[in-house]
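Student: What follows is each chain in one-letter form.
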Amino acid sequence: MDRRAILRLIAGGAAASVAACSGPEEMIHPLANQPEGTLPGELRRYATALPLAGYMRGVTGHVVDQRPIKLEGLAAHPASLGATDPFIEVSILDLYDPQRLRVPVGPAGPASWPALSRALFQRVAPRRGEGLVLLTGRVTSPTQLARIGALRAALPGTRHVRWEPFDDDRAMASARAAFGRPLTARPRLADADVVLLLDADPLGPGPEQIANARAWSERRRRAPMHRMYALEGSPSISGTMADVRVAAGPRDLAAACHHLARALGAGGAAPPLPPPLAQLVADTARDLRGARGRALVIAGERQPAAVHAFAAWANGVLAAPQDWIAPVDPDPTPHREGLAALTRDMHAGRVDTLVVIDANPAYAAPPELGFAKAMARVPMTVVASRFADETSARAQWLAPLSHPLEGWHDGRGPDGTTSIAQPLIRPLYDTRTSIEMIDLILDPAGGPGGYRRVREAWSTLGDQDWQRAVAAGVVPSTAATAEQMGAAPLVLPSLPAAGQTVELRPSSQLYDGRYATNAWAQECPDPITKEVWGSSARMHPDDMVALGVSTGDMIRIERGGAVTLPVRALDGQARGVVTLLTGYGRSDAGKVADGHGANAWVLNTEAPVAIARAAGRIEVVSTQPVFELGGELAKLFPVLAPDEAMPRTPERLSLLPNPPARDNAPPQWAMAIDTDLCIGCNACVVACQAENNVPAIGPEQMAVGRDMHWLRVDRYEDAGTAGFQPVPCMHCEKAPCEPVCPVEASVHDTQGLNVQVYNRCVGTRTCEANCPYRVRRFNFLDYAGASLWGDADDASVTAQRNPDVSVRARGVMEKCTYCVQRIESANRETDAGGTPGPVVTACAAACPTRAIRFGTLDSDNIASARASPRHYALLEELGTKPRTTYLARRRNDGEPS
Amino acid sequence: MSQLFRPGANTYVRLMLAAIVVGPLLLLLLGGAVVRSGAVTGENRFVEQQVPFSHQHHAGEVGIDCRYCHTGVETGAYANVPPTHTCMTCHSQLYTNAQMLAPVRESLASGKPLHWKRVNQLPDYVYFDHHAHVNNGVPCAACHGDTRRMPLTRQAAPLTMGWCLDCHRSPEDRIVAAPREYQDKPYHERTPADRAAGRAVAIRIAHSGRNITDCSTCHR
Chain A
1 MDRRAILRLI AGGAAASVAA CSGPEEMIHP LANQPEGTLP GELRRYATAL
51 PLAGYMRGVT GHVVDQRPIK LEGLAAHPAS LGATDPFIEV SILDLYDPQR
101 LRVPVGPAGP ASWPALSRAL FQRVAPRRGE GLVLLTGRVT SPTQLARIGA
151 LRAALPGTRH VRWEPFDDDR AMASARAAFG RPLTARPRLA DADVVLLLDA
201 DPLGPGPEQI ANARAWSERR RRAPMHRMYA LEGSPSISGT MADVRVAAGP
251 RDLAAACHHL ARALGAGGAA PPLPPPLAQL VADTARDLRG ARGRALVIAG
301 ERQPAAVHAF AAWANGVLAA PQDWIAPVDP DPTPHREGLA ALTRDMHAGR
351 VDTLVVIDAN PAYAAPPELG FAKAMARVPM TVVASRFADE TSARAQWLAP
401 LSHPLEGWHD GRGPDGTTSI AQPLIRPLYD TRTSIEMIDL ILDPAGGPGG
451 YRRVREAWST LGDQDWQRAV AAGVVPSTAA TAEQMGAAPL VLPSLPAAGQ
501 TVELRPSSQL YDGRYATNAW AQECPDPITK EVWGSSARMH PDDMVALGVS
551 TGDMIRIERG GAVTLPVRAL DGQARGVVTL LTGYGRSDAG KVADGHGANA
601 WVLNTEAPVA IARAAGRIEV VSTQPVFELG GELAKLFPVL APDEAMPRTP
651 ERLSLLPNPP ARDNAPPQWA MAIDTDLCIG CNACVVACQA ENNVPAIGPE
701 QMAVGRDMHW LRVDRYEDAG TAGFQPVPCM HCEKAPCEPV CPVEASVHDT
751 QGLNVQVYNR CVGTRTCEAN CPYRVRRFNF LDYAGASLWG DADDASVTAQ
801 RNPDVSVRAR GVMEKCTYCV QRIESANRET DAGGTPGPVV TACAAACPTR
851 AIRFGTLDSD NIASARASPR HYALLEELGT KPRTTYLARR RNDGEPS
Chain B
1001 MSQLFRPGAN TYVRLMLAAI VVGPLLLLLL GGAVVRSGAV TGENRFVEQQ
1051 VPFSHQHHAG EVGIDCRYCH TGVETGAYAN VPPTHTCMTC HSQLYTNAQM
1101 LAPVRESLAS GKPLHWKRVN QLPDYVYFDH HAHVNNGVPC AACHGDTRRM
1151 PLTRQAAPLT MGWCLDCHRS PEDRIVAAPR EYQDKPYHER TPADRAAGRA
1201 VAIRIAHSGR NITDCSTCHR
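Protein sequences, first through last, are from chains A and B.
Numbered per this note's numbering, the first sequence spans residues 1 to 897.
Numbered per this note's numbering, the second sequence spans residues 1001 to 1220.
These are computed hints drawn from the structure, not numbers from a lab.
In this text the structure is predicted, and so the values were computed from the model without any measurement.
Among the clues, some could well be false.
The calculated label-pair distances, taken between Cβ atoms and stated as ranges, are [unchecked claim]: (1) S1092/B to L145/A: 46 to 54 Å; (2) P1123/B to R706/A: 20 to 28 Å; (3) T764/A to A1200/B: 26 to 34 Å.
Quick reminder that beta carbons are idealized off the backbone N, C-alpha and C, glycines included.
One chain only, chain A, in its complex shape:
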């Protein structure tokens, strides 16, 4: 073979391979037996429920080909009302997370369930359960409670300790003191004309966020406008939405209670208040007194019992719209006491076998208990969890827990409504549900399984009633009965010593840390600081100057334990208060959770506070650099007085193409977002991510500003009023992104959508540069194919993807499409002669306050929004004529405008 012959062969081979170039071969695998009435590839919806800290919230699972791909709200469930929050939305990723534990692991390495069960049985059965402790989170599940009862009947020495990091001990203590028994207060925000928040965050993260937000928004839609006053140590969602908000540390808040007590008729001396606070207290008192029967005082969960008691007294005096119910959680032991007693026993060697189910005390327990060290004193520890965590790292046996969507469960919502939650997929790995875990202790064969147990527990339901309850997701008439309690005695909170205080708050994405392994949760921006993949401590700028630090510098905070973390200046922070979000600083939890932020739970104790500057700097990535609006920027987020109207903007001529729709045009899609109702919870952001296969990109890429979320929620502050503004694609009628695309990948269709055609896009990014709203996102790298989970086999995450939406490759531009897959699905149904249901985008479906309205221009909800005096479009003067428009925020602070 000479050189020329070889070259000829190479050329021939290349030509042949080009000529033979076609797509990769695809296989079709139909089921051997297709279930009756179903078709492959069609979307089916099933009602089920998911727990947060033991409280169930109803969800609707979207299931394709026997696997759930999206979770939406369940209209029939009072804790969901058809909407979701970020915790529900990210839960679908937890199901397919590559970091999930897959097989039981024993002291000698990977083990089997029978081996674990035998080891447990051999330890506990001879001693009739003496020394056996079952530690769980809050349990509201009737079936699980029944199984625990059965366990205790069979092994009388068994002890059940229930503990949640965010507990309601203080509220319970105050109710016991006031009324003689534990009771849970349930404020009715929909009926309140005046609300005072004492460091309370009802619209903030928690099991009741959706229900509270909906009730609050319902009142806000009604005239005359209500008024919410907020006193808080650090900006929160509720404080941002309040009409009047003043920063107040614990001492000022206690003093304010004294003033309010006096104003409401219980005389007495009151300590002095700083002027803005004094003004707020005076106004609040006036309004509360004037709205008896419709005035409400809410104390924050983490406030001392005395503040709860004060709120109970005030609500009694005001005849507040509030119900009291017997606690849905039947365990009367305070959380902290129960865990403390357990840890003492562990240290003393009185605990022989510890079984932890779905709890992480080694991470979040109060530090003075020393739970992690105490675990070493227990001869046999079994931890059942979904992911590796701090507690499982110190256990002998690791039992992989099923995801709630993989098994049969039941449970009660915060109002008591019970749901029977059906599974949406068979267990992906060799896991057991929490109910089955309890059975395992007694029965080496593992018990009859979760379904049998749940069916048994509901044996009072006949087969038809059972079917109905499971299909509806709600068991009818199970809400707790509301009781009207009489007056509570007046309790005035004592003034804490002046000085620095540390407060802990739940992260809106990670909660108490349980979602730290979830990449979507880590990448979802915090509502107030827009921080991702980490969290800074929040301090007042003047306090930081006194300490000699600026944003990004490390500080060391000591209160019992010590943490070192970066600090961020936050204008709305109270002087002397440092706020930390929980859920960060995880360890032993995998690549996504570890190494971000510091563990705030280490400071969860009463002890003197010491704050000092530490060495180093960490710039926690924030997706929004500027929050304060002033001057010309104020037009981005107008704030109106209650009866004010937006000024009319004169129409500007535009040379951009795409004239408005003609007479016989098809239904024109549009969106209207009410910034007066948006609470910035970010449920819409994650819902869009789940529905549209938007990739999570990791902290390094976020740091260079390549945020891929199609929808962003901006937070703005303007002269005392703050608010949130979700920004999806505007779908401009005269879109600046369309004429500049050299390959016509950005085009306008006849329904008014701006369509991004991925297969045409060559990635010049001119459209992104020309978009004045900055809503376009570019795949700089192969985000869809890249893995955030290191070497873990991440094939499972592809199972979550929506088959109706393309997965974008590197070099392709993407943006909000108004969920065009849902619009087209409805169009095709119409074309085929059917009648589709109304089209709702993922973001509109997720919104707890129904701030996002989607529909056609002639539909009621859009037409009424556009006719509203508060209606405006973003950057109207540019002449882009956006289809996504807004309703202005209102401020009802009683000031003449």
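We have chain A already, so just place chain B on it with the hints.
Tutor: Only chain B this time, still in chain A's reference frame:
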């Protein structure tokens, strides 16, 4: 002084100049032809399957309606390759021990699916919907050809975007009156009723105002 260039050098240069102009043009034409050819689009290729299923026998000789097996075609986006159970509705009684059907019996017994190689393949960014087409009078044969005469299933159309757009630009030329969509040779004998049905659909599309050549019709 001897000549630097050979006598044929002039011709050579003129040929090269012509080639520089004609060459790329020919290359483009050739490339275009290649890309549209069956080698690239997959048209008219027969695909070997795990079980050599013959549409000619089942749909042609036996006369089974398309919809007996492809059940999703009137209600959803996917026509569906049928589950093993559908095959066994007949083959539990007929040809029960045929060697050729061993994989089918094996699949039903074990619950594991059969492995079919996809014959009509569209790229992942194309979202085709069967019931919007079939319910408007587009016959199966328009895209899948005369399956009743296929001993082994082959791709009967190029399935390129240009080919789809040809029909989307003038759908009335391909539409037949119901229920002739599932019958054979609907094009060869188009009747006045077919043409009327085509016109009716074209009018309905025009009245809806939507443009079925919008990108969002097929791409998300």
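Student: Check each numbered hint from earlier against the structure, then list the numbers of those it violates in ascending order.
Tutor: Failing hint: just 3.
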